[in-house]
Each structure stands twice: as structure tokens, then as C-alpha cells.
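Engineer: One-letter residues, chain by chain:
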Amino acid sequence: MLTNVWLVLLFPLLGFLWCLVFGRLWPRLSGWVASLAIGAAFAASVSVLVGLLALVPGDRVRVGTLYTWIGSGAVTVPLGILVDPLSTVMILIVTGVSFVIHVYALGYMAGDPGYGRFFAYLNLFVLAMVLLVLAGNFLVLMVGWAGVGLCSYLLIAFWFERPEAAAAGVKAFVVNAIGDAGLILAAALILTTFKTLDYVTVFQEAPRLLTPGGGTVTAITLLLLVAAVAKSAQLPLYVWLPDAMAGPTPVSALIHAATMVTAGVYLIARAAPLFTLAPLTMGIIAWIGAITALFAATIGLVKPNIKRVLAYSTVSQIGYMFLAVGIGGFAAGIFHLMTHAFFKALLFLAAGAVIHALGGEEDMRRMGGLRAHLPAAYWTFLAAALAIAGFPGFAGFFSKDEIITLAFTARTGSAALGVIALVTAGLTAVYMFRVFFLTFHGKPRLDPQAVEHLHRPGAVMVVPLIVLGVLSVVGGYVQFPGEGFGDFLLPAFTFFGVQPVVVYGLNGGIAAASSLVALAGIGIAWLVWQKYPTTPEALGRALAPVHAALLNDYGVDALYGLVVVGAVRGLGVLCARVVDGLVLNGIVDGVGTAVRGLSAGVAHLESGYVRTYAVAILAGVIVILAFLVRGGL
Amino acid sequence: MGLIIFGILAVVAVAGAMGMVFARNAVYSALCLVVTFLCIALLYLSLSADFLAVVQVIVYAGAIMVLFLFVITLLNPSRAETPDRLRGQGWVAGILALVLLAEIGAAVASGLLRALPSPTPPAVSWSVNNAQVVGAALYSQFLFPFEVVSLLLLVAIIGATVLAKRRL
Amino acid sequence: MLAPLSDYLILSALLFTIGIFGFLYRKNPLIMFMSIELMLNAANLTFVAFGRYLGQVSGQVMVFFILTIAAAEVVVGLAIIVAIFRARASIDVDEIHLLRD
Numbered sequence: 020m021l022t023n024v025w026l027v028l029l030f031p032l033l034g035f036l037w038c039l040v041f042g043r044l045w046p047r048l049s050g051w052v053a054s055l056a057i058g059a060a061f062a063a064s065v066s067v068l069v070g071l072l073a074l075v076p077g078d079r080v081r082v083g084t085l086y087t088w089i090g091s092g093a094v095t096v097p098l099g100i101l102v103d104p105l106s107t108v109m110i111l112i113v114t115g116v117s118f119v120i121h122v123y124a125l126g127y128m129a130g131d132p133g134y135g136r137f138f139a140y141l142n143l144f145v146l147a148m149v150l151l152v153l154a155g156n157f158l159v160l161m162v163g164w165a166g167v168g169l170c171s172y173l174l175i176a177f178w179f180e181r182p183e184a185a186a187a188g189v190k191a192f193v194v195n196a197i198g199d200a201g202l203i204l205a206a207a208l209i210l211t212t213f214k215t216l217d218y219v220t221v222f223q224e225a226p227r228l229l230t231p232g233g234g235t236v237t238a239i240t241l242l243l244l245v246a247a248v249a250k251s252a253q254l255p256l257y258v259w260l261p262d263a264m265a266g267p268t269p270v271s272a273l274i275h276a277a278t279m280v281t282a283g284v285y286l287i288a289r290a291a292p293l294f295t296l297a298p299l300t301m302g303i304i305a306w307i308g309a310i311t312a313l314f315a316a317t318i319g320l321v322k323p324n325i326k327r328v329l330a331y332s333t334v335s336q337i338g339y340m341f342l343a344v345g346i347g348g349f350a351a352g353i354f355h356l357m358t359h360a361f362f363k364a365l366l367f368l369a370a371g372a373v374i375h376a377l378g379g380e381e382d383m384r385r386m387g388g389l390r391a392h393l394p395a396a397y398w399t400f401l402a403a404a405l406a407i408a409g410f411p412g413f414a415g416f417f418s419k420d421e422i423i424t425l426a427f428t429a430r431t432g433s434a435a436l437g438v439i440a441l442v443t444a445g446l447t448a449v450y451m452f453r454v455f456f457l458t459f460h461g462k463p464r465l466d467p468q469a470v471e472h473l474h475r476p477g478a479v480m481v482v483p484l485i486v487l488g489v490l491s492v493v494g495g496y497v498q499f500p501g502e503g504f505g506d507f508l509l510p511a512f513t514f515f516g517v518q519p520v521v522v523y524g525l526n527g528g529i530a531a532a533s534s535l536v537a538l539a540g541i542g543i544a545w546l547v548w549q550k551y552p553t554t555p556e557a558l559g560r561a562l563a564p565v566h567a568a569l570l571n572d573y574g575v576d577a578l579y580g581l582v583v584v585g586a587v588r589g590l591g592v593l594c595a596r597v598v599d600g601l602v603l604n605g606i607v608d609g610v611g612t613a614v615r616g617l618s619a620g621v622a623h624l625e626s627g628y629v630r631t632y633a634v635a636i637l638a639g640v641i642v643i644l645a646f647l648v649r650g651g652l
Numbered sequence: 433m434g435l436i437i438f439g440i441l442a443v444v445a446v447a448g449a450m451g452m453v454f455a456r457n458a459v460y461s462a463l464c465l466v467v468t469f470l471c472i473a474l475l476y477l478s479l480s481a482d483f484l485a486v487v488q489v490i491v492y493a494g495a496i497m498v499l500f501l502f503v504i505t506l507l508n509p510s511r512a513e514t515p516d517r518l519r520g521q522g523w524v525a526g527i528l529a530l531v532l533l534a535e536i537g538a539a540v541a542s543g544l545l546r547a548l549p550s551p552t553p554p555a556v557s558w559s560v561n562n563a564q565v566v567g568a569a570l571y572s573q574f575l576f577p578f579e580v581v582s583l584l585l586l587v588a589i590i591g592a593t594v595l596a597k598r599r600l
Numbered sequence: 003m004l005a006p007l008s009d010y011l012i013l014s015a016l017l018f019t020i021g022i023f024g025f026l027y028r029k030n031p032l033i034m035f036m037s038i039e040l041m042l043n044a045a046n047l048t049f050v051a052f053g054r055y056l057g058q059v060s061g062q063v064m065v066f067f068i069l070t071i072a073a074a075e076v077v078v079g080l081a082i083i084v085a086i087f088r089a090r091a092s093i094d095v096d097e098i099h100l101l102r103d
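Chains as they are written, first to last, in my numbering: chain G, 20 to 652; chain F, 433 to 600; chain Z, 3 to 103.
Note that these hints are calculated values from the structure, not bench results. Possibly wrong hints are sitting among the right ones.
Said to hold, decoys possible - For each label pair, taking beta carbons as the anchor points, the in silico distance ranges come out as: (1) G:Val621 to F:Lys597: 35 to 41 Å; (2) G:Val621 to F:Gly567: 51 to 57 Å; (3) F:Tyr460 to G:Asp608: 55 to 61 Å.
Claimed, not checked - Some chain Z residues judged to face chain F by a derived CB distance under 8 Å, without partners named: (4) Ala5; (5) Ser8; (6) Leu16; (7) Arg28; (8) Ile38; (9) Glu39; (10) Val50; (11) Arg54; (12) Val65; (13) Ile82; (14) Val84.
Predicted model, so just to flag it, every value in this text is computed and none were measured. In this text, a Cβ means the ideal position worked out from N, Cα and C, and glycines have one as well.
Based on the sequences and whatever the hints tell you, model everything.
Structural biologist: What follows is the structure, given as C-alpha cells:
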């Protein structure tokens, strides 16, 4: 059963190759082939799970090698994978959600000229993501990491004729390059310290070779953190994610909500044996997560573009995951990763249904009253919104609660972190239901043209919505039966001696508090955007500077544009004008000028005038004489 | 006594040389040079080189300078010199000449530190029959150069004759 | 009766230098030639002076040869100058500059 894990890699690869070859010829067929490939991969993942469950909990870590990839002197790097509860959970999430989104995309992308290319890229992405998650050493991880980065770029800039899409793709790639640099440096440090990049060896030797809290481990973990922050769009490297919404909605759902952006969290969880040896880095992770969560949530309150709000929501929710793993609650973080995958993907897909129905409209100021037109989208969006707000009983409630509880109760947590988490939970409810009310309720502000051509999503788009909707409701309950989700994940960590911080059962007080906060948020949203729809404008005028700041993401993008882009462009101009123009051209031209000047000077010696020659001879005689006289003296 | 004579002769010789260099008229230059040659001949006398002094007068002042004067008059001596087209030549020449003088002076001075020889009386007195002494050396020790020089003179004569022809 | 050797040397150096200066300064080829003669004479004076002070007659013999060669040189040189400048309007050595680059 466990050997089926290779199929999880093989099927997406075959799907990609098919779409590459036949995508243009038979686009519709290729779409189905791609989707089925992912479906098969999901089935294989399930069989891997079954196989894993058959093993004793303490024994659920297996390593497999395809072949020795690099054998150079003392360093050998195999193309190896690691199968354990953590990677199994991840491949299930990735292939499962991918499959659902593939099916959705069959309908969403219908009629697009790049249909075949789209599915090729999607399959390639799944392949890279699965490789990232299944990697057994840091080098294979990097291959997957770079692969998902590439696919992200390709898919964001899918409609490359649109300048904003192309620019967004480049922006994502460049910001992620910073993360890639961090990852490479971290791997180099690991290589020099451990002489190997293999996970098992590194994690087992870590306590022996690294001093806890010491310089080396802190450096390694900080570099890994840079990579995670870039990929998972946290402060200060989150700027690429809102712009990435220029890509098609299925891409936003899959890559920028459910899977790729969670790679950073996965990395931290996977390298937990290293991170637990660096308490400083852990603290930084927790605070980055908390502050990012709050930061992004506030921005979500004012943005008019529906996908952008969801993007900031993603940044905020990943902040929660960072907070969790920063405190040491690795299992809790992964749990939230899973529930978030469900409801965030659903939110995007439902929003996509709305956008698709309205012929491409993304501005919520031109939506409203769509409940009647798009019932499937309405109900599923509501389910997902309740989940993300943490409404009791839905999936998000359990995972978010666990994190807030950890923040307050864990030794490595703090009340401050807990309060931030709680406040952010409230804000989450507010902005999410803002979207809900603006889009589906209220007086329609629709463009009449759009209403005329409004076409409801077909079954191929609705069924995925429903599937995800169900998961958003029940997904949280995996935590409860006998071998709960947390317990299932535990051996992945304890195998290497890491003891994640866990919470068992619900903390009554916190559960009550968070439920209250969620309900309050929903209520506030209802009041401000539904009951008294003029309130937002009034508030906006009253708090104009705050409003402006939020609308411009606190000026972060502008700051980057000025400092980073400006600096690089300045460097470019410097190089072009000074280095190339003056220095290099100067040298080349200077050589010519020098030679010309030299020859002109030398030419004077052959003037043809006897007396000039005589002067030269005399000068020579004087010099020779000087030597003789000096010798005599 | 000898010093005074030397001093007078030296001054006149130098004056003649300067006159030769700076005289505008080429004929005057030649005549100044003749004066210098005569002074040098007298200096030879003071150095017990009697034969040489006479030969100097006869050959240099009598033959060579006459030849010069012939050519000067042949090539229209009254033409004025055009301004020098080589700027700065005068200054360069002056400076280099002074440097050379300084160097030679330094060489002489260094010789002074290591005591120049005082006049050695010759093996046979020269003043009695200087020509005989010179001739003896010429036909014994310096026979080969003597013959070569005579050949040289032949070449010079032939060369001059050829060069002076209007049509070969 | 004799002045010290150094005096003779300084005098001949002076004459030599004046000769050089004259050669470089004047444009008239005849004057330049005369300057060369002056230089040769200065060298002659040095030879004779040293010959006298060292008691050797070879100093005078050298002068003999130099004198002879100078005469030959004057003959040929003047023949050349006549050949070059007979047809020209000016006697200016700077006019002869065709061997330039």
C-alpha cells in the first residue's frame, strides 16, 4: 500500500505530459484527463493513508529512494521521499482539494483559448507541490519549492496579454526569489553542519550537533523562516499575494489559498526538530504570525475587490498558522491548514462562480442581491463564511479555537498573542460577512448588462462547491473520534524527539469567548453593511485618514516600490550610465584615444628636421655621459 | 706668466667662438672662427706641440677656412635668415648645452679630486725637433692608420669631384 | 710656464659646448658645419693637453689624424651642401625635411 506513494507523483506527471502534448489539439479531453489524473493521485494518497494506519503509531515513518541523484565526493543526495503522518495528511489535502478544483475549472475555464495550457500548468503544479511535501531531503524540497514557484508565476500570468497579470506574475516570482535565497542558504548551512541534507539524518543528529539557542541553529532556522515568509505571504513579504489575484479564480483557490501558500507552514512543521532548538526564531514566528493576521484583517475591511479581500484573508489565516507553529503547536497549525484549505478554496470558488456569472465583474460595489440568482453559490459561501468566522460547530471553529487556546495557555504563548488572535477572529467575522452581505444581499447595484447575460454555473462547477461546503462543516470533527487528527500527526514529530504543544478537548472559557466574538462580528457586519448601508460611507468620511491608510495597505506597497524598486532601478541606471557609459566606454575609447595621442607624440620625433634629430642625439649623449660621470664620482 | 698668456688666449678663443655662432653674416662667422683657430694654434705652442701648431694654421686656417669662404660666397651670403620655424629650439639648445658643460665640468672636477697628473718631462725633449718625434711615432707605431687615412683622403677627393659635377 | 691641466680641459669643454650650441641654434648649414669644426678642435686641444701632461707623443699623433679626417670631411660635406643648395632660393637646413614620416 505504501509503495503507492510513487503513484501520487506519477499521475500528475502523466497528466502534465498529456496536456503538454495534446492540450492544444483536444482541450476538452485534456481537461478531463488532467482532472482524472489528480483524482487517481488522490485515490493513491488514500491508499497510502490506509497503509500507514496499518502500522503501529510509533513506526509510521518510512523512507523511499528512487535513485541516487547527486553523488559527489562526500555528499550524496538521493531522489528520496519521506512518508509519515505529516506528509500523508498533506498529500491528501493537496490532491483532494486539487481534484475538486480541477473539476470546477473544467466549467470555469470553458471557452478560454489557453484551456489545454491551463490544465498542463495545474497538473505540473500538483506534481511540484506533492514533490515538495513528500521530499525526503532538503534538495528535493527545493526542487518542489522552485517548481511551485514557477507554476505560480505561470498561472498568475496565465492571461499574459493583460499587463497587470504579467506584472503580478513577475512580482510574485521576484519576492519568492528572496525566499528561495533563504532556503538555499539554509540548505548550505545544513550541509556544512551535518554533511548531509537527508531529513532523517539531520533531524536525528540535530540535538547532538547543534547547541540549542546557539548561533548556527538560529541562523538556519531564520533562513528557513525567510523562505517560509516569502512563500506563505507573511509580513514583510506578503505583497505579491494580493496582486496574484490577477490570475484565474481556480488558480487563486488552489495555489493561493489551499496549497502553495501553506508550504511555508509545512516547512516549519517539517523542520520542527530544528526549530524547537531555536526558541528565538520560534518567538519571531509567533509574533510575525499574530501581527500579520491582525494587519491583513484590518485591510480586509475596506477593499472593494472581492478576490483581494479573500487574498488578505488568506494572509491573515496563514498568520494564525504561523502563530500556532511558533508556539510549538505544530499539529494545531496543520489542523488549521487543513480546515482553511477547505473553506478558503470554497470561498474562492464561490466568488469565482459570482464573477463568472457576472461576466468578469470583481468589484463588490457593483454586486448585491445575488442570492436570488445564484443559490448554490449563496449557500456554500455562507457555509464557508461561517467556518472562517469560527461559528461554533463549523470546521474553522475547532481549528481556530485550538490556536487561540494555545496562545493563552501554552508556556511559550502569551496573553498578548492570545488577545491579538481573538481580536483578529472578530475582525475576520466582520470582513467576511461584509463580503457576504455586499455580494449576496442588499439592493442590487448590478450593471444591467451583467444581469442580462447572467449565467448560472453548471453542475461541473456546483458539485465541487457542495463538496467543499460539506467539508467546511464537518472537517473539524476529525479531531474528535478515537485517534484524533492531532494524535495521528503526533508520531511524525515524536519520531524525532519533538514534543508538540497540544490541547486536548475544548477550553470552555475560550470557546465561549471566541464564539461570542464571532457572533458579534457577524452582527456588526450585518448592521453596518446590511441594515444601515449608508454607514460605511459615513464611517469612511469620519475616519478618512484611517480609511485611506487601510485602502493603501498602510503604504507598504508604495514603500517597497520606492525603496526596493527604486534602489534597484537606480542601480540599473547607475550601471547603464556610469559603469557602462563612462567607465567601460571610457576605457575602450580611452585606449583608442591614448594610442592616437601616443602616435601623434611619437610622430614628432620623425619631423624631418635635422636640428631636431641633433637635439635628440645630444640628449642621449648627455644621459650616457651622466652615467659615466656618476660612475666616476 | 704662462697663466696670463693662457688666460688671454682662452678669452680670445672663446670670444671668437661666440662670434662665430652669433654673427649674422656668414663671412664674419668664418673670420671669427679663424681667430679661434689661431688662438688654438698658439695654445698648441704653449703645450710644446710646435709642429702641430704650424699644421693647424696651414691646414685649418689656411685651407679649410678658405674652402668655407669659397662656398659661402658661392651660395650668396647676403641673404637674411628667415625666422626659425622650430619654436623653442634656441632654448632647448641652450639648456642642453649648459647641461653638457656641467657634466663635463663635473667629470673634470672629479678628476681634480684624484689629482690630475703634473707635467711629465718627455723621454726626448720635444721642443728641439718636434717634427722628428712626431714623424718617428707616425711611421712606426701609427703606420697602419697613416696609410688608411691617406686612402680616406683619396676617397674624399673622388667624392667631392663627383658631387660637384652638374652632370654626372 | 704651463697652466694646470684642468684649465685646458675646461677651455676645451667650453669651446665644445659653444660648438654644440652653434650647431643646434643656427639654420645656415655652413655655420653648422663650422660649429662642427670648432667641436673637433676642442677635442684636439684636449688630446694635446693630455699628451703633454702624460709625456706621450701619441696625443699629438691623434690630433694629426683627426685633422686629416676633418679636412676630408669638410671637402665632402661642402660638396654636398653646394649640390643641395645651389638650386635653391634660401640657405636653410630646415627646408630639407623630406625624410619625415
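Engineer: Evaluate each hint against the coordinates.
Structural biologist: Verification of the hints:
Between Val621 of chain G and Lys597 of chain F the C-beta distance comes to about 40 Å, which sits within the given range of 35 to 41 Å. Hint check: Val621 of chain G to Gly567 of chain F, Cβ distance near 53 Å, so the stated range 51 to 57 Å holds. Evaluation of the 55 to 61 Å hint for Tyr460 of chain F and Asp608 of chain G yields a pass: the beta carbon distance comes to about 57 Å. The interface hint given for Ala5 of chain Z holds, since its Cβ lies 4 Å from the closest Cβ of chain F, which is under the 8 Å cut-off.
The interface hint given for Ser8 of chain Z holds, since its Cβ lies 6 Å from the closest Cβ of chain F, which is under the 8 Å cut-off. A least Cβ separation of about 6 Å between Leu16 of chain Z and chain F falls short of the 8 Å threshold, and the interface hint therefore holds. Annotation: Arg28 of chain Z was flagged as interfacial toward chain F, and the flag holds, the nearest CB pair being 7 Å apart, inside 8 Å. The restraint placing Ile38 of chain Z at the interface with chain F is violated, with a minimum CB-CB distance near 11 Å, outside the 8 Å limit.
Below 8 Å, beta-carbon pairs count as interface contacts, and Glu39 of chain Z has one with chain F at about 7 Å; its hint therefore holds. This hint holds: Val50 of chain Z has a C-beta 5 Å from the nearest C-beta of chain F, less than the 8 Å allowed. Given the 8 Å rule on beta carbons, the hint for Arg54 of chain Z holds: about 4 Å separates it from the nearest Cβ of chain F. Here the hint on Val65 of chain Z is kept, as its CB sits about 6 Å from the closest CB of chain F, short of 8 Å.
The restraint placing Ile82 of chain Z at the interface with chain F holds, with a minimum CB-CB distance near 6 Å, inside the 8 Å limit. Interface restraint check for Val84 of chain Z: the shortest CB-CB distance to chain F comes to about 6 Å, inside 8 Å, so the restraint holds.
Taken one by one, the earlier hints fail for this structure only at number 8.
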